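Novice: Sequence:
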Amino acid sequence: MHLLVTLGVILVVIAAIPLLVRLGRRQAKGRMGGAALMLGMAFGHLFDPAKAEAMETIDKRRDQRAEAGQDGA
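Letter 5 of the sequence shown, counting from 1, is numbered 689 in the working numbering, and no numbers are missing.
Mixed in with the good hints there might be a few duds.
Derived Cβ-Cβ restraints for the label pairs, each shown as a range [said to hold, decoys possible]: (1) Gly718 with Gln754: 46 to 54 Å; (2) Pro702 with Gln754: 25 to 33 Å; (3) Pro702 with Lys744: 37 to 45 Å; (4) Gly717 with Lys744: 13 to 21 Å; (5) Asp743 with Ala700: 30 to 38 Å; (6) Arg706 with Asp743: 37 to 45 Å; (7) Arg749 with Gly718: 18 to 26 Å; (8) Lys744 with Met685: 14 to 22 Å; (9) Met722 with Val689: 15 to 23 Å; (10) Leu691 with Ala734: 15 to 23 Å; (11) Met722 with Asp747: 30 to 38 Å; (12) Ile701 with Asp747: 35 to 43 Å; (13) Ile701 with Arg745: 32 to 40 Å; (14) Gln754 with Met722: 43 to 51 Å.
Hints are computed from structural coordinates only; laboratory data are not their basis. All values derive from a computational prediction rather than experimental measurement. For every residue, glycine included, the Cβ atom is placed at its ideal position computed from N, Cα and C.
Take these sequences, add in the hints, and give me the full structure.
Specialist: In structure tokens form, the structure reads like this:
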């Protein structure tokens, strides 16, 4: 499910790039820097290796707790 959400967000961002470029040409150059910053933050949030590692650690601990709960019953 996470993969589908990630792919959806990527497609939306890619589809928005031409619109942002057109808006950047019409407006002052300073606004284009803001759009580029937003795109960079979006991709950084999606592909953050530290976040992925933290999620893996949480999943492992959750699995260990579930196994320990089943073994003790």
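Novice: With reference to the structure, classify each hint as holding or not holding.
Specialist: Hints versus structure:
Judged by the Cβ atoms, the range 46 to 54 Å given for glycine 718 and glutamine 754 holds: they are separated by roughly 51 Å. Taking 25 to 33 Å as the suggested C-beta distance range, the pair proline 702 and glutamine 754 does not conform, at roughly 52 Å. Hint check: proline 702 to lysine 744, Cβ distance near 42 Å, so the stated range 37 to 45 Å holds. A hinted range of 13 to 21 Å for the beta carbons of glycine 717 and lysine 744 is inconsistent with their spacing of about 40 Å.
As the Cβ distance of aspartate 743 to alanine 700 is approximately 31 Å, the hint placing it in 30 to 38 Å holds. At roughly 42 Å, the beta carbons of arginine 706 and aspartate 743 sit within the given window of 37 to 45 Å. Separation of arginine 749 from glycine 718 is about 44 Å and departs from the stated range, judged on CB atoms against 18 to 26 Å. Separated by about 19 Å at the C-beta atoms, lysine 744 and methionine 685 satisfy the suggested range of 14 to 22 Å.
At about 18 Å, the beta-carbon gap between methionine 722 and valine 689 stays in the expected band of 15 to 23 Å. At about 21 Å, the beta-carbon gap between leucine 691 and alanine 734 stays in the expected band of 15 to 23 Å. Judged by the Cβ atoms, the range 30 to 38 Å given for methionine 722 and aspartate 747 holds: they are separated by roughly 36 Å. Our hint of 35 to 43 Å for isoleucine 701 and aspartate 747 holds, since their Cβ atoms are close to 39 Å apart.
Taking 32 to 40 Å as the suggested C-beta distance range, the pair isoleucine 701 and arginine 745 conforms, at roughly 39 Å. For glutamine 754 and methionine 722, the hinted distance range of 43 to 51 Å is satisfied, since their beta carbons lie about 45 Å from each other.
Checked against the numbered hints given earlier, the structure breaks hints 2, 4, 7 and satisfies all the rest.
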